[in-house]
Every structure is written in structure tokens, then in C-alpha cells.
Amino acid sequence: MDHTDDPQAKAFYAPQGKGGLAAWIFSTDHKRIGLLYLGLILTMFATATVLGLIIKLKLMTPGSTLLTAQQYNAMFTLHGVIMIFLVVIPSVPASFGNIFLPLHIGANDVSFPRLNNFSWWLYVIGAVLAVVSIFTGNGAPDTGWTFYVPFSERTTTNVSVAVIAVFILGFSSILTGLNFITTVHRLRAPGMTWRKLPLFVWSLYATGWIQVLATPILGITALLIFAERVLLLGLFDPGKGGDPLLYQHLFWIYSHPAVYIMILPAMGVISEIIPVFSRKPIFGYNMIAFSSLAIAFAGSLVWAHHMFTSGMSDTAVLVFSFLTFVVAIPSAIKVFNWLSTMYQGSISLDPPLLFSLGFIFMFSIGGLTGLVLGSAGTDIHVHDTYFVVAHFHYVIFGGTGLGMFAAMHYWAPKVFGRMYDHGRAAWSFWLILIGMNVLYFPMFIMGMQGLPRRYYDYLPQYAPMQMVSTWGSWFLAAGLILMFYNLYQGCRFGPQATKNPWGGATLEWTLPSPLPHEAFHHDPEAPEPYDYKGVNPDG
Amino acid sequence: MAELSASAPVAHKDYHASKMGMWLFLFTEILLFGGLFLLYATYRAKFPQAFHEGGKTLDVFLGGLNTVVLITSSLTVALSITALRRGAVVFCQTLLAFTVACAGAFMVNKVIEWSAKFHHGLIPGSEHMGQLPQGQSIFYGLYFAMTGLHGIHVVIGASVLLWVMLLIKQGKVTGQDYVVLENAGLYWHIVDLVWIYLFPLFYLIS
Amino acid sequence: MTQTQTTQLEGHGHDHEHAPLGYRFLTLIWVGLMLLTVATVAVAKVDLGYMNVIVALGVASLKASLVIFFFMHLKYENWIIKGMVLTAFVILAIAIGLTFVDVGYRY
Chain A
1 MDHTDDPQAK AFYAPQGKGG LAAWIFSTDH KRIGLLYLGL ILTMFATATV
51 LGLIIKLKLM TPGSTLLTAQ QYNAMFTLHG VIMIFLVVIP SVPASFGNIF
101 LPLHIGANDV SFPRLNNFSW WLYVIGAVLA VVSIFTGNGA PDTGWTFYVP
151 FSERTTTNVS VAVIAVFILG FSSILTGLNF ITTVHRLRAP GMTWRKLPLF
201 VWSLYATGWI QVLATPILGI TALLIFAERV LLLGLFDPGK GGDPLLYQHL
251 FWIYSHPAVY IMILPAMGVI SEIIPVFSRK PIFGYNMIAF SSLAIAFAGS
301 LVWAHHMFTS GMSDTAVLVF SFLTFVVAIP SAIKVFNWLS TMYQGSISLD
351 PPLLFSLGFI FMFSIGGLTG LVLGSAGTDI HVHDTYFVVA HFHYVIFGGT
401 GLGMFAAMHY WAPKVFGRMY DHGRAAWSFW LILIGMNVLY FPMFIMGMQG
451 LPRRYYDYLP QYAPMQMVST WGSWFLAAGL ILMFYNLYQG CRFGPQATKN
501 PWGGATLEWT LPSPLPHEAF HHDPEAPEPY DYKGVNPDG
Chain B
540 MAELSASAPV AHKDYHASKM GMWLFLFTEI LLFGGLFLLY ATYRAKFPQA
590 FHEGGKTLDV FLGGLNTVVL ITSSLTVALS ITALRRGAVV FCQTLLAFTV
640 ACAGAFMVNK VIEWSAKFHH GLIPGSEHMG QLPQGQSIFY GLYFAMTGLH
690 GIHVVIGASV LLWVMLLIKQ GKVTGQDYVV LENAGLYWHI VDLVWIYLFP
740 LFYLIS
Chain C
746 MTQTQTTQLE GHGHDHEHAP LGYRFLTLIW VGLMLLTVAT VAVAKVDLGY
796 MNVIVALGVA SLKASLVIFF FMHLKYENWI IKGMVLTAFV ILAIAIGLTF
846 VDVGYRY
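For the protein sequence lines, the chains are A, B and C, in the order given. Using our numbering, read the first sequence as starting at 1 and increasing by one per residue. Using our numbering, read the second sequence as starting at 540 and increasing by one per residue. Using our numbering, read the third sequence as starting at 746 and increasing by one per residue.
Looking from chain B toward chain C, a few residues come up when the C-beta cut is under 7 angstroms (computed):
no., residue
1, W562
2, L577
3, A580
4, G603
5, L614
6, L618
7, R624
8, H728
9, Y736
10, P739
11, L743
Cβ-Cβ distance ranges computed for the label pairs, FRET-style:
no., chain 1, residue 1, chain 2, residue 2, range
12, A, G191, B, F630, 41 to 47 angstroms
13, B, F600, C, Y821, 33 to 39 angstroms
14, B, L601, A, E518, 53 to 59 angstroms
15, C, M779, A, V326, 45 to 51 angstroms
16, B, A584, C, G803, 15 to 21 angstroms
17, B, A640, C, A838, 34 to 40 angstroms
Pairs of lysine to aspartate or glutamate residues, derived as DMTMM-like cross-links and limited to a Cα-Cα distance of at most 25 angstroms, are as follows:
no., chain 1, residue 1, chain 2, residue 2
18, A, K196, A, E525
19, B, K585, A, D314
20, B, K585, C, D792
To be clear, the hints were calculated from the coordinates, so they are not data collected in a lab. Predicted model, so just to flag it, every value in this text is computed and none were measured. Backbone N, C-alpha and C define an ideal beta-carbon position, used for all residues, glycine too.
Model the full assembly from the supplied sequences, consistent with the hints where possible.
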């Protein structure tokens, strides 16, 4: 890379001045931090996916095969903890949010770049502690990712270290959210009014608020578990008059809003991709932007729908069931607006749009089955069964996961300056989509038939469907391997990408591919983010 | 804290962004304590009598004294910002030193209080705590958790103020560029604010 | 959220909108806080039944407002910060309030 006219040599990731590892891990450049996050998140994703595959392999046939019951408990706990706290929560915001939020608003970085680097370090420390909790003490945590009392207080496994890891990861998440909120308020380019913000920015802004206001409750909950175990406070101990249900309240006061931390940024990605590949302005911009804030707010009102069968008061069951239906409205608003955007559009089925359509399909199934769970009557029947597992994976893997993959296919050429193979990307998409449905849909049926989640073994009547479900996990794994191989291959050796291969109208597409060190030498003019007149794909 | 006051190297130093970032951080502190206040509220509703009895055993004088100490330290931090902006650097440093001294006094007071409780066998996890009537061990558990977490914040706040004193001495925080002091002050006020609620909820409910 | 805010806020790092609060004024606030502390201790000695808690929390909130608005300068901040502070407290109130929909009918 000696030629100075080689775009790769001017990229933000090319060595400049002092190179080496330190130029990365101590970098305050939002693009480098975004890539650092992306690398670690994908590593963690691979790890937890392998755990998931092992779980599915164990469940392929009834009986105690492959794992002991204790190992199985540890496996699903780790799969959950790693996937939730190390993969899904930071997924889109910490990686693509870091890279593109400043660029979308015409800024050269976030408001607090050093804090941004610090939050990545907290993530690293949290990840290390999570790994340490597996291999030290009395064995890996076996509580499930929810750490419910009283079991989490009494189990001899290494829960104390795990909850400290969760606390630190929460802190990291808070700092990202704090940074994004301040950046959106303070660093918008002149003329970049709130009505001209790309919807991705709106969704990250709303997410930032949930991160700042909900995560501290997770922090205190994790600290309390730690205090209960180490200092024996006994605040949730029924023997001393404590109420274990209060733990569940505290936990879900964070963890329900947290699912909106997970899904909102992915919805932002979809809102970017759909209009670009339909060559039509987004339908209902105001409502999509507003619904992000509405989800963020309403999401704080519904946490106890995770507790309908826990023995809380019937009044609470009624109130939270009603409020849960309210929060479905803004999510549906988004889906209808995306579909209306595509209606009579000039659609090109490129890989980013394929993954976005996959998102809408999976999210709709996940969202509608969420109503089955949110309605108190039906929840009694399917609570804590495989139905919940299926619902959650449809929303979070089918939703956030596919949203993340869509973002990767949408922005990879911009970030790395090279294009991947579209045919292979489409193949990987179909493998993933089919794999997901074969893997998770039988779980809906098994759940309806009463198979409880997290059980080590099951009755023979579920054996055929468990078998099919395990086959699905292999399809899914094959699709994932193909997708990551294709992306790696493309970003490394693919043909040079043009400046604007998809014909996007947001600001990042006015910059060279790959992204340069400094994006804007002077304040850019704020574009209409979804006006494609005169903007065409140049690939 | 250091990071919060950092400014974007690509841009000018953004006073308003630093303030906004600090406020957002304070919200997280409020909600962190908020989780404990939630527990307090529900358990108080469940065990009014036990909380009443528990409150009786806490020393109103010591608690009141700590309230006065913290409120006064809050004043001196507020005054120190005015002093710095008016160019009275020595006065500002004196006020900050006084504030840190108040934090020390508060903690000494706290240690006295806690040791007295320990002396009476009120140690979390101890047999004596286990034998208390329903709800009373919850009261003391909350007392230790909330005042303990608050105490940690007092120590952090005082350390931050010491660090700002050093920055002022080095000329890195000045009457023109004082947002670091302002933010450290905001943090200290939050510590005070939490105590303003802890005091009546624990000491004055008998 | 305003549209004028960007242009107005962008580009000027040092447009601090107000002069520092006077020593005298801040000390007066402190006197107020002290008086309220004395008052709350005094009232606690009188048995008002369940009103004791309400009075104690009312006085505490009054003190908290003095600290927030004057010591913490909130009164002199722009409405964005004010709105943010309000949001934080509303969320906390929702968390505690909705929990009572459960425990209020269970204990």
C-alpha cells in the first residue's frame, strides 16, 4: 500500500503516524472504537452461538446424553449472559452506532471521545470477568441469565463474579448512551434540524435514554445480589420477611426496557435500508421518529408482564397486561410504515434489503406471539415454556440479529471500501432464514404442548420436534458460516467499492469508501435524508 | 469524571456538552439509589411497625449532625465555584479543602454509628440479626445497604474534589475554564441530595 | 426539541449565560436548608400519625429542590436540561409507583 492514491491507504483503519496495537486500543476515533466493538461483539457472538449449538445437540434426543445436568444449566446460563449482555445489548449501537451516528449528523466524532474509549475498556473488563466466572470458583453460574433469587443467593457456583461483570457491562452501556444523547444534542451540523435527522439517529437517541435511565436499576440489582451473597444482607430472604418478588421487579424494571435497547437500534437500521432499496422517501417519517421515543417511554411501563404467574397481585396482572398491549402500538406503526414505504417502490433485492425483509418477517411473528404472552389469560398457559424461548429468539435473533446482519451488509462497503459477493450473501440469507424457522418454530408448538424451558430432559413425545429443531440449528450455523466467510472475503479481497453503491442520501454516502480519518473538513450541508432525486447508485 | 469533562479534540471545548453529560450521569446515580428507595418504600409498607422500632434505635443527633455537615459542605462547594470565577483562587481552594474536611467528618461520624450498631450485634448475616422480629432485619439490611452505598459515594466525591483542587493548583482549571469544578460540584450535591432523603427516612420515622 | 437550538448552541464554547451566584445568596439558601432541617427534626417529635411521613418527605423534597435549583444551578440552565431532569424523576416515580400496583394489593 505505497501508492498514496490507493483509497485503502487513506482509510481510517490504515496506520497513520504511530501505528500498532496502541493506536487502536487507546484510540479515541469513533470509527476505530466502533470496529473494536464490532470485533469483540462478533467474537462473543461466535462463542455463545457454539454454546447454543451444543445445547441443541444435547436436546436432539431425550435422556442424559452429551452433558450432565449441571453442565447443561451452566451452558444455557452462559449462552444467555453472553448473548444478552455482551452481544445483543451493545450490538448495533456500540458498533455501527459509534461509526455512523456522528457521520449522520455531520460531526467528526462523538461528544466525549475519551469516554467512548473508556466504555470499550469497561466492555473488555466485563467480558474478561464473565469468562473468569466460568473457570474460577465453584463452577460456572447455573442460574439462567435472570439471576433469580433465592437460588442465585444460595447456589455455590460463581454467581458473584458474574453479577459484577454484569454491573461493569451495564456501566459501559450507560456511557455509550450518555455519549450518544449529548452528541445528538450538541454536535449536529448547522441546518441539521431534528426533522432532518436520519431515523437511525432517532432510534439511537431513544435507545440512549433507555440506557441511561434503566441500566442503573440493573446496576443496583447486580450489586444487591453480590451484597446478598457476600454480606448476607437478607433483603430478599423470605425467612427474614424479605420478598423475592421484589428482586423480579427490580430485575425486569431494567430488563424489559433492555429488550428495547436491543431492538430499537436494529429498527433504525431497517428504517435506513428500506427506503434506499425502494428508491422512495420513507413513509411516515414523523411517526417512525415519534414511535421510537414512544417505545422508549412505554417500554418502562410494562416490566411486570414477565411475572404474571409469579404470585404478584391480580391488580398488577391486569394493569401490566393492559399496558403491554399499549406498547405494541408503536412497534406496529413502524412495521406498517416500512411496508408502505416499499409499496409501489422501485425495489432492488440486494443483500441489505433481503436481511431487512427477513427482519420484518421474523419480528412480526415474534411481536405477535409477544401479545400471546402479554395477555394474562394465555400467558398462564405458556409461561416459562418453550413458547417464550421461541418468541424471544424470533424477536431478538430474528429481529436484532438480522438487523445487525443487514447493517453489516449495508455498511461494509462504506467502512472497508470493498464489496462482497451478492450471490453468496443471498444464499447465506436464505440458509439463515430457513434455519431460524426450522430451529425456533417447533418451539412454539412444543411450548403450546407444555414443554417447560430450561429443563435438562423431556418426555419422548417431544422427541420428533426436538430433532427437527436441532437440524434447524445446523442450517442456521451453515448460513452464519457462509455469511461471515463472504463478508470477510469481500472486505479483504473484494472489488473496490464505490462512494455510494446503494444510492443512499444520508451523509455517510457523500464520503469516500473506505471512510477516511477525518470525515468532514468543514460543516456539511444537511441533506434531506430520504430524498433520492438526483441520488443514484454509482456502482 | 475525568472523561466527562473531556472535550472533543476535533472541536472546541464544549461547555454545554460537558454539563449535559454530567447531568445524564447524575441521573444514573439517582436511579441507582432509586432501586434501593423502591425497596425501602415497599418494605416500609409491609413492615410499618418494624421500621418504626428500628428507627428508634438510630441516633437522631448523629444523623442530624451529618445532615448539617453535608449541607454545609454543599454550600462551600457552591461558593467555591463563585470564588474561582471571581478570581479568588486561594479562597476557592480553602473552601474546597473545607468541603473535603466535611466529607472526612461525615465518614468519621458514620464509622462511629456503624461501630455502635456492630457492637450491639447488628452485623449483617449474624445470628442476632436473624433472630430479630420480622422486618427489623430488613430495616437494618436496608440501613446498611443505603448508608453504605451513600458512604462510598461520599468517598468518591471527596476524592474527585481533591483531584480538582490539584487541577486548580496546576492551572488546568481556572476562572475561565471551570466546568470540571462545576461538574465535580454537581456530583457532590447529588451526594448531599441522597442524604437529604436518607436522613428522615431512617432517623425520623419513630 | 427545537430546531433553532442547533445553530444557537453550535460553535460557541464559552457563552456562559449567567454570572456566578453571589456568596450572600448562596449563604441564604444554606440558611433556608438549615431551618428546614431543624423543622423536620422538630415535627418528627410530634405524633401526626401517617402524616409524619408525608411531612418528612415534603420537607425533604423542599430541601432537595433548593439544592437542585440553586446549588446545582438548574434554575439557570436551559429548558432542555430541565426537561431531562424531569424525565429522570418521572421514570423513577413510575418505577416505584407501578411496583405499588403489585405490593399495594399484596401486603
